[in-house]
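Student: With the hints as constraints, model all of the structure from the sequences given.
Line by line, the protein sequences are chains A and B.
For what it's worth, my numbering labels the leading residue of the first sequence as 317, then goes sequentially.
For what it's worth, my numbering labels the leading residue of the second sequence as 317, then goes sequentially.
Treat the hints as calculated values from the structure; they're not laboratory data.
What the simulated footprint calls covered on chain B by chain A, stretch by stretch (three residues with Cβ under 8 Å from a Cβ of chain A suffice, anywhere in the stretch; the number is not a length): (1) 427–441; (2) 743–751; (3) 892–901; (4) 913–921.
Calculated Cβ distances over 12 Å to all of chain A for the following chain B residues: (5) A318; (6) P321; (7) F369; (8) I401; (9) K456; (10) A538; (11) G594; (12) I596; (13) G615; (14) M618; (15) K788; (16) I839.
Computed list of lysine-lysine pairs in DSSO-like fashion (alpha-carbon distance at most 30 Å, straight line): (17) K858(A) - K814(B); (18) K829(B) - K858(B); (19) K911(B) - K575(A); (20) K920(A) - K858(B); (21) K899(A) - K829(A).
Every residue gets a Cβ at the ideal spot worked out from N, C-alpha and C, and that includes glycine.
There are 2 protein chains.
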Amino acid sequence: MAGTPQSWKDLANQLRSDSIRSTSHAGSGHPSSSMSAADLMAVLLSDYLHYDFSDPHNVKNDRLIFSKGHAAPLLYSMYKAASAITDAELLTLRQIGSRIEGHPVPEPNGLPFVDVATGSLGQGLPTGVGIAWSAKYLDKLPLKVWVLLGDSEMAEGSVWEAFELGGHYDLNNLVAIIDMNRLGQRGPTMLGWNSEIYKQRAEAFGWHAIEIDGQDVEAVNAAYQEASNVTDKPVCIVAKTKKGAGVSFIADVEGYHGKAVPAADVEKALAELGNPKGDIRVQVNGCRDGEPTGTYTTGTYMPPVYEMGVKVATREAYGDALKALGAAYGHVVAIDGEVSNSTFADKFKKAYPERFMEVYIAEQQLVSAAIGLQVVGKAPFASTFAAFFARAFDQIRMGAISRVNIKLAGSHAGVSIGEDGASQMALEDLAMMRSVHGSTVLYPSCVTTTAALMGEMVNCEGIVYMRTTREKLPVLYSSEETFSIGGSKVVKSSANDKAAVIGAGITLHEAIKAAEMLASEGIHIRVIDLYSLKPIDEATLKAAAKECNNTLIIVEDHWAEGGLADAVNAVFMESGADHPVIKHLCVTEMPSSGKPYELLAAAKIDAAAIVATVKAL
Amino acid sequence: MAGTPQSWKDLANQLRSDSIRSTSHAGSGHPSSSMSAADLMAVLLSDYLHYDFSDPHNVKNDRLIFSKGHAAPLLYSMYKAASAITDAELLTLRQIGSRIEGHPVPEPNGLPFVDVATGSLGQGLPTGVGIAWSAKYLDKLPLKVWVLLGDSEMAEGSVWEAFELGGHYDLNNLVAIIDMNRLGQRGPTMLGWNSEIYKQRAEAFGWHAIEIDGQDVEAVNAAYQEASNVTDKPVCIVAKTKKGAGVSFIADVEGYHGKAVPAADVEKALAELGNPKGDIRVQVNGCRDGEPTGTYTTGTYMPPVYEMGVKVATREAYGDALKALGAAYGHVVAIDGEVSNSTFADKFKKAYPERFMEVYIAEQQLVSAAIGLQVVGKAPFASTFAAFFARAFDQIRMGAISRVNIKLAGSHAGVSIGEDGASQMALEDLAMMRSVHGSTVLYPSCVTTTAALMGEMVNCEGIVYMRTTREKLPVLYSSEETFSIGGSKVVKSSANDKAAVIGAGITLHEAIKAAEMLASEGIHIRVIDLYSLKPIDEATLKAAAKECNNTLIIVEDHWAEGGLADAVNAVFMESGADHPVIKHLCVTEMPSSGKPYELLAAAKIDAAAIVATVKAL
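Tutor: Below is the structure:
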């Protein structure tokens, strides 16, 4: 529809009115942060957004992300105006069971029109970068990605990672709209209404920047027009607004953040807005023309095959398998944080350069790009050193709320990386990834396992994490062996095992060595390859406890908390008197630089330590 | 000392030579990334750094942080040139047991001249912001904070958080030196040698920027001179360099990242550098004049007192106690991420505005500022919503390697925050914080406990985390009660307890309600307030298992992994047949918006769920 200044104003006031009504009905929420952006969103919804509300997952849709998720009431008011939800549902805001949550959430808890959960600030734009990159370079669709940001969240470094990468990749289909309302939660922002500085920053990061009065609908319209005509770079609209704009006693008032208008004041507030009837409905433009050129071919995954006994690092098998997945599945995309020659993602890059996204050293953007890519149907595999995923834990956490399907591959786990020292050693990544809702956590010890699990990962829902090892290790399994998420392998066993030793990654190889050393002395142990931590193979563990003298020894290249031992121990939580004795070998002191096997010995997680533990039983 | 162009060049070549020698001796490391910055660091060490190497922790020292920690060989070569370490020690680089680690590490593993561990990129400058803020505003010392950054790490958002805050606080004592050598690990950076863009970005963030040829020692000297004269803002020196500069076959060569010069090429390389004798020693300028004006007074902490039964939120008690700590200890500093009216850090702010640092919505900078503050003897308390500390997990992890003493306070834990929904609910923070090496994890259920534990926290070493609750809850304990890190409280017990219910935070109150409901039916349970998760009160837990029918019920407002249950379960890991039956009530489905007690019920972690669990035993 082609709006007029009056129609835009009327719609904006309805959006304000609905934001006030819904939050006051809920008794909490963010009307003031919604009202500042109402004019910006009215013009967008009326004239610029191309979105088929009857087909929200259509890859040809524009995308609208409220990076300032607390302005959710405005977003829901837009959905109402677009006839996507009813006024009755709007008024269920913040109630248990409602899809209209306090911050936007996708299905199943929330709405199909919400692509990603927001509410932890500074994550919408980096996600938008992932979507826009895919639209521009993979699907070659003419869609636009519109991201509404608050000015407070411009303080988040993640926003500047997105500015940087958006500029670097000339994402002319990406429009950042900064709702510069000057007031944060507890008071003024750093820059207040100094839109010139925001503009300078955006330009310095390679963006086309436009300063406007965000309450002037004609200026807003002109800005979108200008944005639509920019063909070589992303656009940043810096819109000067007033928080609570439209109602005199809320507008630009400090202390009105996150507060519903008291019931007694609602009538007065709505009167100032001209008592909108709430019956405006907008016929939103449908999808733009064009068909996606991205390939969605599906073939058969042919995992790489490794000769038994040869030494190959699991991180290298990750690269081999990723490349093989690339051949089989057109929607597999690899992303890496400037370490692709260490994670071996560069094997994929060399084979499928067009489906490889380099995000440089910006791990928050790495995960957010993956989240953006899966919004538009890609299967993203994001890789960096396992330690550095800690940089993006909040993005991963939010991804779980968004119910994203992404795959994360962390290389260089544990002390066994050696000389580089503790800063590069992931020793808490398993704790982090296990704690993510609905996550899958894999930790192969062998390249054959790695290759097989990669075939499972590609179709696994949720956030799937694979931990790999820097060191080259002997191939343990032939390509005939099968592996599954939730499985494990009994590598060694006998009729009279004194204990079962449970390892993963490099410690499994130490367990095998220990078993061989002990066997030479006539002592037998079971050795279990616990390559899947979450879900975990309860049956095999319980059988081991029963059959191995009720004794388990867990050996892991990880801190004591949150890794293999906590995972195994949880299996036996309710077992009471049937609980095995569990001995735990793990990293307990801060490691230093050193040779990998020196460090395994120093941490007492090597074969010698296992042998000593078994003998001391 | 006052150097000359020739002395600077000679020193630079010695630094290069020593970087090559030490890494080639180690067989790994980063000579090329060291060589690019050798001229920059030679002039700095010779003429501009004020640092008493015999008294590294003197608060009056300048600070030098290698944000590009992989250039550690250069840093160690500087220490050698300053006679702080011997050539023999330099050659222990990367060996186990050496203080000369692959990336810089402070004591006890590393060196006293290293203030913070680096190696995860983009963290040096934010730490420098904390130090510079303290020097400028608290201690009012004329020292300088010099931070050497790589150009690759300019992609990290955390760097831009530091640029932003450094500019905002006019930190004219902070100098960022960008070693723009054009090449990252796997290839060219985004911006290559485009120093003009780095300059524009720095200026847009409020910095004075200087572009120079970083291999021209006279230009470097002029830049430091210019930087010394800037009195109103921080300074960014963008230095164009060549990676591997000084040796023709390494300089600006792709693929020479993180590689020692092969033994066969060392002689040739050193010859190109003029075969430095390695005997140059620099008399580094001592501390600058001035005495710190920051108060270091120590009085007696007078914890706030609450009336029994009144309802007060633990987050509010955090604010009360923080203010009381501020009165008692002059070195207590509060930092907050723009939510001080929610975390109640604003109580401290109002009382001691000069010791309150607002870092706006930049949680990475929040933690890094705390790390910087403790470098110079402050006791920083950093607060934000518990969920948002996930944003800074990598900084926290690195802080553990640095052996920092910081206090982190996360408010708004769990589903009980209510209507705001999942994005604001910390449900994995305990898993995260427990996995941090040497951490202390506290989770008070009552304001009296909160106030008491705050008195313990201030002097507790390492990273101390306190989780607080949004909801107001009844005061359980009188001010006479004592609490200690590693302690717990038995809130209810009888001679015939059917089980022990273990809770913390809001779930403890649910456990108490459940006990009352059950008591009315003649069923007795023990209730344990597990306010210290790490360290944990093993004795009380073991006694409870023995005395309460060998049955423990753990109730927590957290995901299943990494919280109370894993902590308690770990206590019994080795107990075999004496292991209690442990039932676990925790959050298992993605929560939505709703009223706090509706959400506790929906998650089945409320009193009714506890009652049902006890009855089903």
